[in-house]
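Colleague: Sequence:
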Amino acid sequence: MNLKGMSFFDNHTHLIDPTLTSLTKKSFIMRFIHGYQDMEPWDKGVESDYTYGHASDWQVSNIENLGVVKLISHYLAERFDCEETPDAVIAARNTYIDGSVEKLKEYTKSLYNEEGIIGTVLDSHDPWGDIKDKAFPCPVYRLYNFEDDYFELLPTASSFKALMENVEQRIRKAISDGFTALKGHVAENYTMEVRVISDSEAEKKFAAAQKGEDKTAVEDVFFAMYRHVLLIASELNVTVHIHAGTTGFNRPSAAYVPHLDPFLFVPFYTSDLALTKTKIVFLHQGFPYTRHAGMMAYSFPNIFVDTSWVLPWNSYAFRTNIEDLLGVCPHKKILFGTGQHGFPEIAWTAAKVSKAWLGEILDDYIRLGLMSANQAEKTARQLLFENGKELYHIQ
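Residue numbers (my numbering): 79 to 473.
If you are wondering where the hints come from, they were derived from the structure by calculation, not from laboratory data. Among the clues, some could well be false.
To be verified - Across the chosen pairs, the derived CB separations fall in these ranges:
(1) Arg-459 to Ala-286: 17 to 25 Å
(2) Asp-208 to Glu-281: 54 to 62 Å
(3) Asp-95 to Asp-159: 20 to 28 Å
(4) Asn-140 to Asp-95: 20 to 28 Å
(5) Ala-286 to Glu-184: 51 to 59 Å
(6) Ala-286 to Thr-102: 23 to 31 Å
(7) Gly-326 to Glu-468: 26 to 34 Å
To be verified - DSSO-like mimics (lysine-lysine), calculated; alpha carbons at most 30 Å apart, straight line:
(8) Lys-183 to Lys-210
(9) Lys-456 to Lys-181
(10) Lys-187 to Lys-103
(11) Lys-148 to Lys-183
Note that the Cβ used here is the ideal one computed from N, Cα and C, for glycine as well.
Please put together the full structure from these sequences, using the hints given.
Modeller: Laid out in structure tokens, this is it:
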């Protein structure tokens, strides 16, 4: 199936920089590694910014050979009619944009129009209405990072009850302002194996959690907060996006893969029927636990699976990843996202890759008599844009 003309809805992106009129080879390709750098100082594993000044030439050469870097270099070489190397495509891009913010804006718009990117769900920590939202040439639907409120308010709150009252107030205001959904990092902060903690238990451990000296107390108060937030989201009929799996070992907690498995969420999620009514999106396919994330969406009516980061970082294996979901997951619960950050070529590449692989897969299903052409077209529309529009109530 040729899906090139079909729309694409990006379920998960980060900010793009509207002033990034010039790139270097290093600043370009190092966007694609969420990992440890190999030159001092490297902040002892703490995530650094995307300048990646602590990466040696050796590490740069490693990342230059990532499949996603080869892929985006190939696509840009076709666009600019140049060699398929990072050096060549970045030189061509810089020449084309010529240091002009307005030219970059037009270029970004052309990329989005070319692949029919009709909307994007933005994960940023900026306030509602921030000017950086306008860098996208399509409608933007914002995620609200509720954990920012929790960590800000925790040190000065008089009690767990007072803390939750303030967190809830901020969440309700955010949704009233226009935020579309909530975002959290329970697995990266602690573990996907959330424990069921009552309010009374949280109150008893609150002082210890504030001091930060008792690891169990810190986690338990956080987990008690999480339960409240999921119930608030259910009441407000908004989705909670949970960073699941790992997109790279750029800090110690992210590297502890056994704590990131979506299956670990089941005992907590099923501890109260009310929690299972909360719509949850497992971001990044729970990678490398893609099948586990798919089984969660199969097993629970209100769990969805997003493909961001896997698409386009794992593009050369995306057929395997998406078929793992197509095989077990309701097709209306698969959301295509990109994990884009920094520059617009990432979403453009992700849209192109998703259409290429999905068209190939669905053609095979038709050829093998596994589905009709009508079913295949419906599936393509669902994954590429309809599911996102339905989940976020977009007309």
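Colleague: Against each hint, give a clear statement of whether it holds in the structure.
Modeller: Verification of the supplied hints:
1. Between Arg-459 and Ala-286 the beta carbon distance is about 52 Å. The supplied range of 17 to 25 Å is therefore violated.
2. Between Asp-208 and Glu-281, the C-beta spacing of about 36 Å breaks the proposed range 54 to 62 Å.
3. Checking the proposed 20 to 28 Å range against Asp-95 and Asp-159 shows it holds: the Cβ atoms sit about 26 Å from each other.
4. Roughly 24 Å separates the CB atoms of Asn-140 and Asp-95, a value that falls within the hinted 20 to 28 Å.
5. A beta carbon spacing of about 55 Å between Ala-286 and Glu-184 agrees with the range 51 to 59 Å that was offered as a hint.
6. Roughly 47 Å separates the CB atoms of Ala-286 and Thr-102, a value that falls outside the hinted 23 to 31 Å.
7. In this structure the hint that Gly-326 and Glu-468 lie 26 to 34 Å apart at CB holds, the actual value being about 31 Å.
8. Taking the CA atoms of Lys-183 and Lys-210, the gap is about 12 Å. The hint holds against a cut of 30 Å.
9. Distance restraint check for Lys-456 and Lys-181: the Cα-Cα separation of roughly 37 Å exceeds the 30 Å cut-off, and the hinted pair is therefore not satisfied.
10. Restraint check for Lys-187 and Lys-103: satisfied, since their Cα atoms lie roughly 23 Å apart, inside the 30 Å limit.
11. For the given pair, Lys-148 sits about 25 Å from Lys-183 by alpha-carbon distance, which is consistent with the 30 Å threshold.
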